[in-house]
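Participant: So the chains spell out like this:
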Amino acid sequence: MSVNESFRPTIVAFCCNWCSYAGADLSGTNRLNYPANVKIIRIPCSCRLNPMFILRAFQRGADGVILCGCHPGDCHYTTGNYYARRRMTLLFSMLDYLGVERERTRVEWVSAAEGAKFAATMNEFVETVTKLGKNRRLEDLRCSK
Amino acid sequence: MIDMMEQITRIAGVNPRKCMRCGKCSGACPAYDEMEYHPHQFVSMVENGRIDELMRSKGIYTCLSCFACVERCPRSVEPAKLIEAVRCAVERQQGMDRLRPEAVPGLLNPDLPQQAITSAFRKYRK
Amino acid sequence: MQRIGVFVCWCGSNIAATVDVEAVSQALAKEPGVVFSTNYQYMCSQTGQDMIQSKIHEYNLSAVVICSCSPRMHEATFRRTCEKAGLNPYMVEIANIREQCSWIHKDRAEATEKAVILGRAAIAKVQLNAPLTAGTSPVTKRALVIGGGIAGIQTALDIADAGFEVDIVEKEPTIGGKMTQIDKTFPTLDCAACILTPKMVDCAQNEKITIYAYSEVEAVSGFVGSFRVKIRRKARYVKEDVCTGCGLCTEKCPQKKVPNAFNLGLDTRRAIYIPFAQAVPKVATIDADYCTMLRTGKCGVCSKVCEAGAIDYKQKDEVIEREYGAIVAATGYNPISLAQFDEFAYSQSPDVVSSLEFERLMNAAGPTGGTLLRPSDGTHPKTIVFVQCVGSRCDGAEKGKPYCSKICCMYTAKHAMLCREKYPDTDVYVFYIDVRTPGKNFDEFYRRAVEEYGVHYIKGMVGKVVPENGKLKVRASDLLDGRQLHIDADMVVLAAAIEPDKSARPLATMLTASMDTNDFFTEAHPKLRPVESPTAGIFLSGACQGPKDIPETVAQAGAAASKVIGLLSKDQLTCNPCVAAPNEMMCNGCSSCEKVCPYGAITYVDKEFRGPNRTTLIRRVAQVNPAVCQGCGACTVACPSGAMDLKGFSNRQIMAEVDAICL
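Going line by line, the protein sequences match chains A, B and C.
Under this note's numbering, the residue at position 6 of the first sequence is numbered 6, and the numbers go up by one with no gaps.
Under this note's numbering, the residue at position 26 of the second sequence is numbered 1026, and the numbers go up by one with no gaps.
Under this note's numbering, the residue at position 102 of the third sequence is numbered 2102, and the numbers go up by one with no gaps.
Next comes chain A alone, as it looks inside the complex:
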């Protein structure tokens, strides 16, 4: 697959309010760069993420989706990220079945103190998705402009 230099993927990042969203804020406060194609959506907890949202994002033309939550055991709601982890495992096998590349979806645990990790993760994720190219498998062309 040839890497298209001008291709800029659309990345949706779901961040839990208590750890990862604060971690994302911290990477901003520390002026750590990551590509502008990452757009963050704030959710109260990683367990609020309905796998439907990820499918919806792919349908609407997102090229990669990443879920960030508190580290296992550190969830503000005690057990939320465990639920998220299980649900994502199921979603991964479903996406495999659908033929969507595994690397397009990702779960990462980022604490409120890990601004550097957040930026590094996003940089790496954008690079991975850029290499994969446009998401054509689930994109619904009727939805695009």
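Please note that the accuracy of each hint is not assured.
Said to hold, decoys possible - List of simulated lysine-lysine pairs, DSS-like, C-alpha gap at most 25 Å:
#1 C:Lys2106 - A:Lys131
#2 C:Lys2459 - B:Lys1018
#3 C:Lys2055 - C:Lys2084
Everything labelled a hint here was simulated from the structure, so no lab data went into it.
A quick note: this is a predicted structure, and the numbers were derived from the prediction, not measured.
Got chain A; can you put chains B and C on it based on the hints?
Facilitator: Positioned in the frame of chain A, the structure of chains B and C alone reads:
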């Protein structure tokens, strides 16, 4: 040497890193004074990859396999299994002379019960 | 369609330097529903806030989007601003264009484009916002403390000090807990009774504190601010308000062969008893398992000798119901059973004792009157062996407990030191794996035991203890010296691991408080909220949360009390309005949401619905208690029919954001 250590832990099926050096194994060992390396030293030697020294040691044959250390170990490190694994490793070495049956009586220590007997007691005591 | 106002903040040059704020406000002005869009230097300043308020009136805005710093910074500020202008505070959305845009990106065009998209997502979300009102719930100004040990006593005293009513429920006939059985306390060697009993008396005399001794919590319902608790007051067969505690009955009772639980069975007591002289409440209790009158109906000695007429053989358990605003769990600990450690011969010889039994043997009020004597033959032991970590730091449940019990190192040093001090002719050995003495003056204490008192500390564990001819043959290894030791000991003391009290697990179920695999209560946050349970209104005090020594327990008890006081000092609790709510028409009563809820906020009710042809049908539907729900959203995803949704973060709102970002 590291792969040798891996081989030993794989045969034994125990993780010597779990040991926290309490020495309960050596406190329980009935053959303590007969052994060149004591059970707790044994574990740390496997952990540090000093397998060669262990394989050369006569002490591995004085272990009765009574399993007192296995029973008592609070961390499930089970030293006797490591000793057995080292004995297996010696057996599996290539190009070594094997022990002939007629040589066995000369090697027996009259002060110690034989392994086979101890094992039988352990196995059929219930 | 909402009438939306968009306010883009420059944040001085923080945003304006990398984001073309003018372009952003112009681009967002074209979005559907936006009736007003502007930018300003400092939106959070008084002038900026005034501008927002005047524009709300001027354009009759129904929703506001603010493109500024992180919502974690100023969401609350802008919500208040809009509330003052008569807008519902939950009709405000923030687009984070500082921390997550202008500070990250260097390219102006790129950053501006991203800021527009983030603004668009916020507009798409706010279109679907609904006004939310934070509910309130009343607070019952009374606290319940479960467990009357030092943790419970300290919590109750501190709460009562602040002027609130407190009830203590204690399952034993007296409060005081484990500390009453302890002889001396490390590292100062104060007498435990001397520092504890004044506190017990304070509890009894404080008019804000009610003690329900010999009682147990039977059921808990309700939620933070208004718990309803059923307390079973077990029958003492003695009228608590009439008994004077003179103790005459406990001397005359003919049934003398009852193992004395207070002395851990090292001696005996009567069937009617007062656990110890300083008991609070000082009231006799009849042990129904041993009392001849209760078992055969023939005796009645105690009722004959009682001048107050307090004995009542017909007394029954009584269940009372009380309301509380907050509940503190202070159920404490117990030493583990030593039955599975038979290599130490605990069941084979009476001279092998647990550390708590040793405390009783050293205590002046104990079975030996404070003289250290062997339980088997009553002689002075000359060689004493202490074994640490018995059952602590083990691998897996069948071996023991995986955690360090924390207090054993210190109390073993204390025992060893006291032995050497009282009986300098004894040889004292302590076998340890590690000596852990991090605490104020703790390591100095341990070193004193070694250096001044000459206690032999030996690195290594005891492998076997064999009772033989009145001696205990101890076999152990000295790892640092590289030899096996054989010691003929007169007494062996086992530092047994501690575990949470057995009553904690059923209590946690009643309170819907979470527990770890070792049955310790889990705290809301291991570092920042150590005395609160994740369940609102439930607080933790003492060793029920993890192994603790007395200073730590008292500190935590005070912390728990201050949290309770903070809660009880409010008249009303404001709830988070962003809670889950089911669509009852779609709910099929499957219980999926109930199972995932970490707070027990979801219950099921049978509700009447209108069916076709003027019929009514009864369906089981979920119901969320907004006072308990914390708004995590776990249930919204678990719901198979999509009936459950989270206010403020609804499925449609998040989808709208996704759409706005992707398009």
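Participant: Against the earlier hints, flag every one the structure doesn't satisfy and list their numbers going up.
Facilitator: none
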